[in-house]
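Asks: Full structure from sequences and hints, please.
Each chain, written out:
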Amino acid sequence: MKNNPVLRVCSKVLFAPIILYGLYVQFHGDYGPGGGFQAGVIIAAAFILYGMIFSLKNLKKVTPPSVVHALMGIGALIYGGVGVVAFLNGGEYLNYNYLAADYAKGQHWGIILVEFGVGLTVASTILGLFMAFAGFEFSDYKQRKRR
Amino acid sequence: MIDWITHLPAIIVVVPLLMAVITALLPARFGWGLALLATAGSALASGIMMADLMTRWAGYRLSYHLGGWAPPWGIEFAVDHATALVVMVVSGLGFVATMSSKSLFMNEISHHDLGRVYGAWLLTFGGLLGLVMTADAFNLFVFFEISSLASVTLVAMGSGYDKRALIAAFNYLVVGAIGATFYVIGVGFCYAMTGTLNMVDLAVRLPEVNDQIPIYIGLAFMVTGVMVKAAIFPMHFWLPPSYGHAPMAVTTLLAAVATKASLYILVRVLMTIFGGIDPLPQLILQWVLIPLSLMAILLGTILAIYERDAKLMLAQSSIAQIGYIVLGFGMGSLAGLQAGFIHIANHAMIKGGMFIGLGGLAMAAAGKTKLDGLAGIGRRMPLTATGFLICGLSLIGLPLTAGFISKLYLVSAVINAGYWQIAAIVLFSSALSVIYLWRLIEVMWFTPSGSGQSRLPEQVMIYVPLWMLALANIWFGISASTITEISYGAAQVLMGGMT
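Residue numbers (the working numbering), protein chains in the order written: chain A, 36 to 182; chain B, 110 to 608.
I should point out that these hints are in silico values taken from the structure, not numbers from a laboratory. Wrong hints could be hidden among the right ones.
[As the list claims (entries may be wrong)] Quick list of the computed label-pair ranges, beta carbon to beta carbon: (1) B:Gly183 / A:Val48: 42 to 48 Å; (2) A:Val119 / B:Ile276: 37 to 43 Å; (3) A:Phe62 / B:Trp584: 53 to 59 Å; (4) A:Phe168 / B:Ile587: 53 to 59 Å; (5) B:Asp387 / A:Val119: 42 to 48 Å; (6) B:Arg138 / A:Lys47: 40 to 46 Å; (7) B:Trp584 / A:Pro68: 53 to 59 Å; (8) B:Gly304 / A:Ile147: 26 to 32 Å; (9) B:Gly183 / A:Asn93: 45 to 51 Å.
[As the list claims (entries may be wrong)] Just a sample of chain A residues kept apart from chain B, beta carbon distances all over 12 Å, derived: (10) Asn39; (11) Arg43; (12) Phe62; (13) Ile88; (14) Lys92; (15) Ala169.
C-beta atoms are modelled at their ideal positions from N, C-alpha and C, and glycine is treated no differently.
Replies: In structure tokens form, the structure reads like this:
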């Protein structure tokens, strides 16, 4: 599809605004509708658009599968890590009040970090799913079997 | 300063779940070590929690408010005697299964995949612990999903040498999803009528609206969903294939702990959430669960007799054993619940041990568990085979083993409730189970081996966990008071919700 000028130009124009909109949804999530889940899907959609227009091979250059796999786990670790920090500071697991000196600041930090972790995991998981389905070849499957 | 005892409920669940992510990220060679560390940590924490709980009165309830939000608004982890017993069984058996898993995985799963396999392994383990511990009806659904999606992955890993594992895993996925959906629909109905998700709060609010039809629809959906997950006849059909074709270590983990957690949820839903609506739980127990459990007992035992593959034979026998547990619960009496909880603990030790032993034997028979392939293996691998035999004798309920205690309490509970015909069926099926065990013994000891008589190498990390469970079977068969007392406390807790 990369030989079609309309698709090329449109996707190039859209790529950055989609990510920007994703970030807006991400940071809006503290106070209003939005948050990590939605933002993650939107950001992943930008990369999927790129992958669909400019081939999976180029997408894998932009976001190597190993990095995507690592980010899935790291996002979850950030979420869990917030809980562990709250716990080590003397509160219950995931009690944001204990993250900073005063409760309001703690709640603020807690929700931002947790949403960031969620966003990271969701974006990379959606991207990983796309790459797994788009890149599925029967030869891969046979190779796995032999190994 | 952190007060560790009060934080134990969170630690038990969070450690394996976080370790699952770390295990999946780190190179494969760390997989087993980290999994062992996490399961050992959870088992140790459960042990401490149980010891602490044993010193308190039976109605004591340790409540943990996740995120500092007090129930009924926030999610609560609650531990009473019933929870502590099941958490102990799940974490203890999970630890033993993890010990043996490295040797069992060796021939079955590519070394590269081990990191992520142990990630899924720990997710299953942590998910099951959370499932048991949570006191929030919706959070329970989330843990259902965590544990069942992770265990579907594990079952599918058997596809490296047995393609049928893929079909089994797909069936397990679809059936498990249907079960979880039914459960969550039921929760939705109850939430619509009461506006709360906390189990204790639901128990208070549901009787206030007991003239409303939706809560009964909700009850039906919830119970059906959990019955699918717990593999109670006639919703058991996913279990034998997925146990039979999964990697041996995965079968060990699932058979020992997965259905136990769901069985506990079943009795929780009926007795705690709906316990306040007086005759209803008793009616369901008596008219739905007892007949189904009897069918499960007979059908599972008879199918096990005709099975030609040792692994499938044990899987079919699990259906019957689940039937025994449900029958105990179905009595709806203190003694019946006690018998059910005793058998949850004992059957976990029995089946865990038998699958570990069978895995060790199958490794020598080139991974095959067909009965013919195991000919004469008992004399060639005496350590593993003897441990397997002890667990097997416990399965049929030989005196001086844990299985005998289970049967004793179950039969006496049934007779005390006045159902002597049912007691006869239980004893009859116990006698039938001797047949399939004897088929194993005959093949393993009395059939000459086709490929020589020499001793075969035995894996240390298989016979050590196996003998741990075999000795536990004997120990709890002779000095049963620990389990019977805790089970009594557990039964009291659940009956408390029914008064």
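Asks: Look at each hint and say if it fits the structure.
Replies: Hints versus structure:
1. B:Gly183 / A:Val48: 42 to 48 Å: holds (45 Å)
2. A:Val119 / B:Ile276: 37 to 43 Å: With a Cβ separation near 40 Å, A:Val119 and B:Ile276 satisfy 37 to 43 Å, so the hint holds.
3. A:Phe62 / B:Trp584: 53 to 59 Å: For B:Trp584 against A:Phe62, whose Cβ atoms are near 58 Å apart, the range 53 to 59 Å holds.
4. A:Phe168 / B:Ile587: 53 to 59 Å: holds (56 Å)
5. B:Asp387 / A:Val119: 42 to 48 Å: holds (44 Å)
6. B:Arg138 / A:Lys47: 40 to 46 Å: Holds, at about 43 Å.
7. B:Trp584 / A:Pro68: 53 to 59 Å: For B:Trp584 and A:Pro68 the Cβ distance comes to about 57 Å; the hint holds.
8. B:Gly304 / A:Ile147: 26 to 32 Å: holds (30 Å)
9. B:Gly183 / A:Asn93: 45 to 51 Å: holds (46 Å)
10. Asn39: Holds, because the least Cβ-Cβ distance between A:Asn39 and chain B comes to about 38 Å, which exceeds 12 Å.
11. Arg43: holds (36 Å)
12. Phe62: Per Cβ check, A:Phe62 is outside 12 Å of chain B; nearest 21 Å; holds.
13. Ile88: holds (31 Å)
14. Lys92: holds (23 Å)
15. Ala169: Fine: 21 Å to the nearest Cβ keeps A:Ala169 off the interface.
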